[in-house]
Amino acid sequence: MKKSLIMELQRLKKYSKDYNFFRKEIDSLQQYLDRYVDTYRHAAISPEKVSQALSISQFDILYIFSLAEQEHLIKRKFLVYSKNQDFLGSFDSNAIIPDELTNLNTGQTVDKDDFEIDLVFETIDE
Amino acid sequence: MSKSVLSEDAKADIKNVGISIFKAWLEENKIELKSKKNFFDALELGLDEGKITKEQITHALCELEENSDKKIRFFKIKNDFKKLLGLKNQFLKTLRLDHGWQSVKNYSVKVKAKDASTFNYMSWEGNTLKIKYSEKHYNVEADFEANQFEKNPKIVYIVILINFEDGLVQIRYDNPGALHKHKNAKGKPSEAAYEKYYEDLLMNLFDDLNYGDLNFVGLTNKILNDDTIPYRIHKGVNTLADGGKQMYSLPFNMDIRENREFQAAAEYAEDWLTDELSGYWKWEDSDEALNKDLFMRISRKASEIRVQRGCLEKELNYGIAKIKEILEGL
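Residue numbers (our numbering), protein chains in the order written: chain F, 1 to 126; chain E, 1001 to 1330.
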């Protein structure tokens, strides 16, 4: 995660002109993510966690993140785990997650009914 | 020889909830039966002597079926639910016209389950509407010598509860059997399809009501980070800052937060998302609301909890009240 890129979150303020909101949210999100960048080498930002930490609704966080995605600042990832927390795979879109995945730890096939899917946002490396 | 005879169905139902658990209910309700080698003989004698009535047996069975060994999914009414309370008659009318249901006394009806979803009863007591269903599922055992499969029936109970006072909605499920009527896209019985069936049923009960998931993100994190909450965590799963998972699992009587390795990792707890906690509400801090430590698994993602076999109504109510209290304080 490159700090220079995540700092550009301020670029999103151009959208505020159209909608006249989110300026405050973008600032607090910027602050939050800056700390993340300093603390972790790689961060997968969970909208639920940010929403809880900043008391901004998940809907608003997702909206801001999709704008940031439009600006190529971040990209979404779908991390698929089994119910017992074995990692099964990472996908760029929900639509391409297969109906079945192999759990390499057990060799068994896991059906999509038993997937635990986490939506996270990662920054795009320079 | 007792004059009163328990039906085979009643005996099967008692075995289904568990004889020791049924006895715990009798003890809780201060019903003392004479000691007999066979519990059913003692129960029939109790009926003869008027120490227990058939209505009480039905009550006990219903209470245990609806509270013990359940997975409970939570939702929240999104409408202004305080206004909804005044519409009770209108809701009852909708249920009568759409389904032909009449409200009866809570815990008063036992219905023989069919393979398909079977309506048991509906009640509206206090501010809570309850709708109970049952289904007959099957577990399968292979007899390799005889080259055949044996299907063992298992009755599962599903309860929908809508509280119009606090807007809390619950669907309580039993674990499904291996064979049942709810199939996935491939035509195989699936737990997800079984749960979805009742979720859809809830969503379609009233046109004007909207439901959202009850958000457990704050709840699980609060319990993990606040040791004044009387809940002992013996297992915890967290999502880390890079999206990975971390699990700590200790014996039932230990708390992960007292573990030194966990304490070292917990320096970063601020950036974790607590996915799942398993542990016990402590009996000693419950002001006698609990008869024993109450097991509860709390899962953030699905907004659901699980309670163990033998959980009584007052114990489950205590656990849910604690969750509500924490959520309200966030």
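These aren't lab readings, by the way, just hints derived from the structure by calculation.
Some hints here could point you the wrong way.
To be verified - Using 25 Å as the maximum straight-line C-alpha spacing, the simulated DSS-like pairs for lysine-lysine come out as follows:
hint: 1; chain 1: E; residue 1: K1188; chain 2: F; residue 2: K13
hint: 2; chain 1: F; residue 1: K83; chain 2: E; residue 2: K1114
hint: 3; chain 1: E; residue 1: K1114; chain 2: E; residue 2: K1136
hint: 4; chain 1: E; residue 1: K1114; chain 2: F; residue 2: K112
hint: 5; chain 1: E; residue 1: K1222; chain 2: F; residue 2: K112
hint: 6; chain 1: F; residue 1: K83; chain 2: E; residue 2: K1222
Checklist entry - Which hint numbers doesn't this structure obey? => result 1, 2, 4, 5
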